[in-house]
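Required output: the full structure, derived from the provided sequences and hints.
There are 4 protein chains.
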Amino acid sequence: MFEKGAKSGGDLESAQAKNKALEEAGAIVPTSFEGLEPAIKIAFQKLVEDGVILPTQEIVPPSVPEDLSSAIKSGKVRAPTHIVSTICDDRGEEPTYAGVAMSTIIEKDFGVGDVISLLWFKRSLPRYCTKFIEMCILLCADHGPCVSGAHNTIVTSRAGKDLVSCLVSGLLTIGPRFGGAIDDAARYFKDANDRKLSPYEFVESMKGKGIRVPGIGHRIKSRDNRDKRVELLQQYARSHFPSVKYMEYAVIVETYTLSKASNLVLNVDGCIGSLFLDLLASCAMFSQQEIDEIIEIGYLNGLFVLARSIGLIGHTFDQRRLKQPLYRHPWEDVLYSKYV
Amino acid sequence: MFEKGAKSGGDLESAQAKNKALEEAGAIVPTSFEGLEPAIKIAFQKLVEDGVILPTQEIVPPSVPEDLSSAIKSGKVRAPTHIVSTICDDRGEEPTYAGVAMSTIIEKDFGVGDVISLLWFKRSLPRYCTKFIEMCILLCADHGPCVSGAHNTIVTSRAGKDLVSCLVSGLLTIGPRFGGAIDDAARYFKDANDRKLSPYEFVESMKGKGIRVPGIGHRIKSRDNRDKRVELLQQYARSHFPSVKYMEYAVIVETYTLSKASNLVLNVDGCIGSLFLDLLASCAMFSQQEIDEIIEIGYLNGLFVLARSIGLIGHTFDQRRLKQPLYRHPWEDVLYSKYV
Amino acid sequence: MFEKGAKSGGDLESAQAKNKALEEAGAIVPTSFEGLEPAIKIAFQKLVEDGVILPTQEIVPPSVPEDLSSAIKSGKVRAPTHIVSTICDDRGEEPTYAGVAMSTIIEKDFGVGDVISLLWFKRSLPRYCTKFIEMCILLCADHGPCVSGAHNTIVTSRAGKDLVSCLVSGLLTIGPRFGGAIDDAARYFKDANDRKLSPYEFVESMKGKGIRVPGIGHRIKSRDNRDKRVELLQQYARSHFPSVKYMEYAVIVETYTLSKASNLVLNVDGCIGSLFLDLLASCAMFSQQEIDEIIEIGYLNGLFVLARSIGLIGHTFDQRRLKQPLYRHPWEDVLYSKYV
Amino acid sequence: MFEKGAKSGGDLESAQAKNKALEEAGAIVPTSFEGLEPAIKIAFQKLVEDGVILPTQEIVPPSVPEDLSSAIKSGKVRAPTHIVSTICDDRGEEPTYAGVAMSTIIEKDFGVGDVISLLWFKRSLPRYCTKFIEMCILLCADHGPCVSGAHNTIVTSRAGKDLVSCLVSGLLTIGPRFGGAIDDAARYFKDANDRKLSPYEFVESMKGKGIRVPGIGHRIKSRDNRDKRVELLQQYARSHFPSVKYMEYAVIVETYTLSKASNLVLNVDGCIGSLFLDLLASCAMFSQQEIDEIIEIGYLNGLFVLARSIGLIGHTFDQRRLKQPLYRHPWEDVLYSKYV
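Protein chains in written order, with the working numbering: chain L, 1 to 340; chain G, 1 to 340; chain D, 1 to 340; chain X, 1 to 340.
Please keep in mind that the hints were generated in silico from the structure rather than gathered at the bench.
All clues stand as given, with none of them false.
Pairs of lysine to aspartate or glutamate residues, derived as EDC-like cross-links and limited to a Cα-Cα distance of at most 20 Å, are as follows:
(1) Lys-323/L with Asp-292/X
(2) Lys-131/L with Asp-109/L
(3) Lys-323/L with Glu-290/X
Structure (structure tokens):
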């Protein structure tokens with residue numbers, strides 16, 4: 001509709017000439033940017049008058065919606081939250097675990113057990129507890145390449161997969177038959193002790209239900225060849241725990257089972273399971289209801305899962321270092337049966 | 001401040017009596033609910049006049065924030081979306097796959113291949129394509145209990161875990177060394193054919209890089225004992241595909257490799273890989289760029305993963321039916337080495 | 001000790017000359033290879049006689065152990081197998097599914113449902129059954145990006161992970177609250193029908209236990225706006241199944257629940273669940289005990305898992321195609337609470 | 001054929017009477033157990049002579065195959081092992097980690113870092129190293145509920161799944177975009193320092209390749225508001241590490257980047273990454289080749305995965321404690337697009 005003014009004098013002159021020519025040809029030519037709007041109005045009205053176009057009703061343009069975050073800030077809108085979370089807040093300058101800043105954790109010389117205490121139990125347990133948690137992790141970190149978890153991790157590592165896939169493939173075998181003994185020991189010992197069952201009543205009622213007492217029995221160890229790890233844990237607990245009533249209960253159960261067979265000793269699983277109950281009960285930081293919830297949710301299984309992850313990651317690295325090829329299970333080891 | 005009017009005449013009289021008594025004692029007593037507000041005002045002004053209370057500045061009460069969903073509906077607020085999704089819309093009366101309603105899928109007698117076509121490729125491929133996709137699924141559904149995937153699934157099932165954990169533990173072994181041959185065959189055949197390499201150039205350049213040609217070679221099959229599955233697939237493609245140029249390329253590559261050794265036949269992986277390229281190229285529904293993207297993203301791996309899931313789920317059920325106990329790999333099969 | 005005979009005459013003469021010289025110098029010189037052993041014996045006895053060396057007791061060399069595979073073949077050793085498997089045999093020229101060769105599967109134009117039938121049920125179900133299995137897969141293949149499974153898959157895909165990790169991350173959400181309704185519907189309908197409970201007794205006893213009847217109820221659908229998919233499935237079953245007694249039971253339960261509220265219709269989950277019972281009962285290929293085992297093991301969950309894998313793989317590809325960046329859940333959507 | 005001698009005299013007499021009667025009736029009656037075999041022979045020959053039975057050729061009975069484990073023990077058979085493993089031996093009275101018995105680990109008061117040292121590095125690193133490993137675990141244990149890993153774990157926990165499934169669903173998001181910064185920082189700093197690149201050369205060459213320098217940059221922290229955690233780690237390393245050359249290199253890189261923008265500080269990832277290099281180089285327990293292998297295999301990723309497992313397990317417990325229902329992503333947050 002109009003020729004924009006240009007930089008050089010020559011160009012300007014040329015523009016003026018063009019505008020003039022357009023005007024003479026009947027065009028409406030504004031001479032400045034400000035003249036554009038009135039020129040459009042004049043052109044529009046002329047077209048309406050000439051009957052070229054029919055005016056329609058004015059539409060009120062929709063107001064531009066406000067951005068959500070500014071609307072929330074100004075208090076105009078209340079957006080519901082879909083997630084609740086309580087263990088770690090990452091919104092500030094540095095994350096906090098149950099309210100404790102990460103730099104405080106370094107400054108105070110916290111250990112792995114202390115961080116587990118904060119993120120799982122939402123409180124800072126005394127050091128004798130967090131040290132015991134670390135001991136459990138050490139003892140459960142690995143149990144050789146033949147158990148289900150390590151085996152699957154090794155197979156996946158040999159398939160050339162990434163670390164997480166290898167770890168995960170092994171973790172998925174942890175459950176009722178592999179890794180579940182500590183949890184079970186804690187559950188049964190707690191129930192039996194709280195119901196004040198005598199060792200005889202406890203063991204025989206388990207037998208009646210066809211359930212082996214979890215935490216009792218060892219392939220090699222026996223009355224005269226005790227498991228040193230059990231002795232060390234018991235020794236630690238006796239010198240550091242305010243009370244060890246659940247462990248004592250496990251010990252008198254062991255006395256009874258040993259009277260039946262010499263290898264029915266309290267094993268590491270049973271020792272950890274019963275001592276964890278003592279940890280929860282003795283520190284006086286949990287209500288009875290909270291302890292029940294912890295046992296029901298399965299925190300001890302969490303300890304086993306975390307601990308064994310160390311071993312499974314180790315097996316992944318080991319196979320990679322050894323440059324092992326794709327594993328194929330030998331045909332000779334499989335009974336191909338059609339009749340089952 | 002006033003005694004509320006009560007139901008019975010006797011109560012009303014009693015209320016009037018009480019009000020009268022209060023008034024006489026100096027209380028301001030409204031005689032109706034409507035009189036409450038002016039009475040409060042009178043009481044307030046009297047207390048101010050008497051200097052009992054000091055009036056403070058009026059506070060404008062904060063407006064109650066609006067609920068997010070109504071604010072979005074009314075167009076006041078624009079909430080940014082954090083997720084984009086294009087394959088399935090579940091907001092209406094029934095979900096749609098790439099725009100096709102589920103009941104239409106049943107009515108039109110769609111097969112599994114058609115649904116894969118909609119959810120993966122976002123278009124309805126012709127039936128000769130979706131039928132070929134189904135054939136690939138049949139052929140890759142299982143390969144016995146000894147391969148990595150089935151083995152891990154069997155171990156996890158024997159650990160007493162749920163179906164998803166068993167399936168997943170096996171799936172995680174799928175990758176470069178297990179299940180990757182179809183994808184690799186498609187990639188290398190496409191690259192070689194598109195670059196117009198002669199079979200000699202292709203095979204020898206692979207050899208030069210130390211890479212075995214994927215899709216070529218079989219443990220048992222040979223020039224004089226062809227794989228029937230390959231023959232059936234080729235036969236299907238020749239009668240149903242508009243063109244089979246990639247398959248033809250694979251066949252002349254095979255002719256060259258057979259001249260080197262009699263077992264270097266085109267195997268099922270190579271056959272599926274090359275025919276899938278023909279499927280994409282021949283149906284004229286994908287741009288060249290889209291085909292490249294499909295191969296790069298790894299759709300063929302998706303086919304293998306989906307297909308093999310049928311077998312892995314089958315192995316899970318099989319072990320459960322057989323009531324197999326926890327698997328432990330035999331010690332004798334492990335070389336415990338310290339010196340590596 | 002001796003100079004080996006050489007090729008040319010000149011060399012031979014030269015060797016003889018050297019041997020002669022050695023003999024004269026006191027060496028024991030054998031004149032042929034056969035003479036080597038006696039020469040060693042003479043030399044040894046001479047050294048013993050001279051007291052240069054002291055003879056020690058003869059050691060019987062250990063016999064070289066036989067290789068395991070040849071020992072098994074010759075019947076000398078019986079190696080126990082550690083794994084039993086029944087669904088697929090991969091030892092021959094081509095794998096067989098429940099005894100059916102893969103090329104037969106292609107030749108006979110089997111579908112995905114037929115292969116599932118072989119690998120899961122170990123028998124070739126009639127086509128009306130395998131077609132119904134395929135219909136279930138179509139209907140359960142996806143349900144949009146907002147459900148737990150698809151959401152986790154999308155998040156993992158946006159973290160740049162491989163296909164299997166994305167799929168698996170989503171599959172792991174399938175369980176009691178997500179995807180479990182079909183299985184539950186089958187279990188409860190079977191139990192109620194087999195115990196000959198009236199719809200009133202069934203629904204009210206569920207209510208008494210505080211359990212919603214699975215398979216009944218819809219967000220949108222109602223008495224006057226039936227779900228077309230349910231109608232199509234019922235229509236298919238009525239024309240193809242020999243009997244539909246479980247479906248009929250579900251329908252009379254629906255009649256009762258509709259008398260309580262108009263949206264308590266039989267939904268797709270309930271329809272599939274009850275019809276799957278009819279499939280098992282009507283084909284006369286399973287004993288009552290086998291049907292109970294199938295329901296207990298959770299084959300219907302397997303169908304859902306397999307079907308939804310199609311959607312989860314589709315979502316993985318979708319996000320990759322869209323080149324979506326790392327997902328981070330918005331802070332504003334989280335209630336950070338310390339007091340729980 | 002004969003009546004066995006019995007205990008009492010009366011019985012014996014009675015047996016003799018019976019035998020006599022049998023003999024008289026024509027039966028061949030041995031008078032002792034030893035007489036049984038010749039009696040059978042006589043009876044057989046008599047029947048042959050009488051033509052009652054026809055003698056057939058003697059069959060050599062197949063020798064009963066020996067059991068594999070006894071055949072291996074006796075050295076007759078050599079079974080190849082299919083798995084090699086070096087980190088943990090579980091065959092003795094108690095498992096050993098890289099040769100160290102578990103009870104020794106308790107007795108010597110080892111920490112989590114020491115066990116990681118044994119199972120991952122196959123050697124007992126000095127305490128300043130294992131303490132540093134523990135510090136890394138503390139700092140990486142969690143980063144709130146909004147990051148990919150925690151988010152997926154929360155969603156899976158709210159689907160009512162078991163602990164392992166929840167943990168795993170979150171772990172699977174760890175990879176190039178989430179959790180990979182420490183590893184990347186170590187790789188790039190090592191390469192740049194070993195190639196003696198000046199900070200200018202290093203940073204600008206990264207910029208040229210379009211790669212952000214990993215380990216540099218923070219959302220909030222800046223030149224005048226340093227990250228306390230970085231300061232604490234550096235302080236620890238300066239007082240305990242024999243040398244900190246990689247950290248010093250990272251610091252001069254930071255000096256250069258700070259000259260470009262004030263928030264381009266060395267962050268926690270970069271600090272851990274460079275200090276881990278110093279750990280490996282300074283303890284003089286690894287060859288150069290071993291260090292390269294450790295970085296290539298991705299041990300630092302292992303540290304992150306293990307550490308973050310603590311947080312993911314914590315989030316699982318948290319959601320369970322809060323009894324959160326099934327998560328469904330809000331429709332409003334999704335852009336359903338058809339045109340991509």
